[in-house]
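Please work from the sequences and hints to get the whole structure.
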Amino acid sequence: MAPDPIAFAARRRGRPHGFTLLEVLIGSVILAAIVLTIGGSITAGQQQGLSGLEQAYRMELVENTADRVLALPYNDPEGDTAAGPDTGETTALLFDALDDYHGWSESAGSLTTSAGAALPTPYQGLSRSVTVADASVSVATMGGSIAGKEVTVTVTDADGVSAVVRRFVAEPSS
Amino acid sequence: MRRPSPCRRGLTLVELLLASAGAALVAAAALAVLGVAQYGEEDAHDYRTLVASRKAAHARLTASLRECRQVLAFGADYMVLWRSDLDGDDTPDLLELRRLSYDAAADTITLYDADPSATDVSYALTDNFQTVTDGLITAGTMTGRTWVTEVDAFTPTLDDATAADAAVVVLTLRITPGAFDDWLVVESRLRTDEGSS
Chain A
1 MAPDPIAFAA RRRGRPHGFT LLEVLIGSVI LAAIVLTIGG SITAGQQQGL
51 SGLEQAYRME LVENTADRVL ALPYNDPEGD TAAGPDTGET TALLFDALDD
101 YHGWSESAGS LTTSAGAALP TPYQGLSRSV TVADASVSVA TMGGSIAGKE
151 VTVTVTDADG VSAVVRRFVA EPSS
Chain B
175 MRRPSPCRRG LTLVELLLAS AGAALVAAAA LAVLGVAQYG EEDAHDYRTL
225 VASRKAAHAR LTASLRECRQ VLAFGADYMV LWRSDLDGDD TPDLLELRRL
275 SYDAAADTIT LYDADPSATD VSYALTDNFQ TVTDGLITAG TMTGRTWVTE
325 VDAFTPTLDD ATAADAAVVV LTLRITPGAF DDWLVVESRL RTDEGSS
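Here the protein sequences come in this chain order: A and B.
No gaps in the numbering here: position 99 of the first sequence is 99 in my numbering, and each next residue is one more.
Counting the second sequence from 1 gives a position; my numbering is that position plus 174.
Examples of chain B residues lying across from chain A (beta carbon under 10 Å, computed):
no., residue
1, A211
2, Y213
3, G214
4, H219
5, R222
6, L224
7, R228
8, T329
9, D333
10, D334
11, A341
12, W357
13, L358
14, S362
Computed Cβ-Cβ distance ranges for the label pairs, DEER-style:
no., chain 1, residue 1, chain 2, residue 2, range
15, A, G40, B, T336, 54 to 64 Å
16, B, R240, A, E171, 13 to 23 Å
17, A, L31, B, G184, 21 to 31 Å
18, A, T87, B, G352, 49 to 59 Å
Hints in this document: simulated from the structure, not taken from any laboratory.
For every residue, glycine included, the Cβ atom is placed at its ideal position computed from N, Cα and C.
Here it is as structure tokens:
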């Protein structure tokens, strides 16, 4: 009996014959999607941890800077009342009053402590600046306002993300 | 006799080996992906631990310094502070002393204060407060609390060469929580204006 050509063709089609290009492509796409999803969630977790750490650096530096500015007396011992450093006060270590810090800034890579030493690595990617301006706070229960100065400390990282601290210092009453 | 059809024959050894190798490859790849996922999760956890440790260390050290008015003595691994002139006698007294000590062997910073029930003793500003506080700690008059842990370097500095004139304390430390080690700087002002009134 002669072989039935149609049945023969059907059997040929039914035989395992390897993957077609389309099947391989679909398989690859599914695999890539799975790997990318897992990879994405890992990266997101790490990114979150890193951004939390960077935020901690900014907050520490902004608090440290505010503290060293506020350590200085409100009134200049030499009587200088203009905001900004007095004559001869070329570095922050020579500042002797709160408003000497007005306009002061340090750029990334050149940050120092108030003891004069370079700050360690994690802070050196940040830059900081200070402004000191006359300000007043009105206190309703006292029926008036208190004169003083507002210190603003800004710390900025390489991506332009900032941490800002503002402190009001009242003028001494004497 | 009927010849077995090619469709019904079993797998040859080579085919079986190839299939096993393929399956093993897929399994290895899946394990690798899981391993990376676990590593990433541990890494993120280490970051969170570091952030929490930094925040705690910074807040605790700032709090312990900011309420003090003067540095009485300091060295490579300690700092003695005059908290406040509570009795207004212009001299530091036992109950007004505070000491931060770094223990390099235990990797901790300990905060020592005098027991409030102790009999107050008056000291002169010229006393050697390292020796004084060493004696008080040995005698158990000043008791310590572990203040910061996992510290493997500690350097106290001041903004003035004369300790008594310092207005800002700068503590530089390296903390090692989890897999990281990282530098931390605490710069805190003292209440130098307290004595003027």
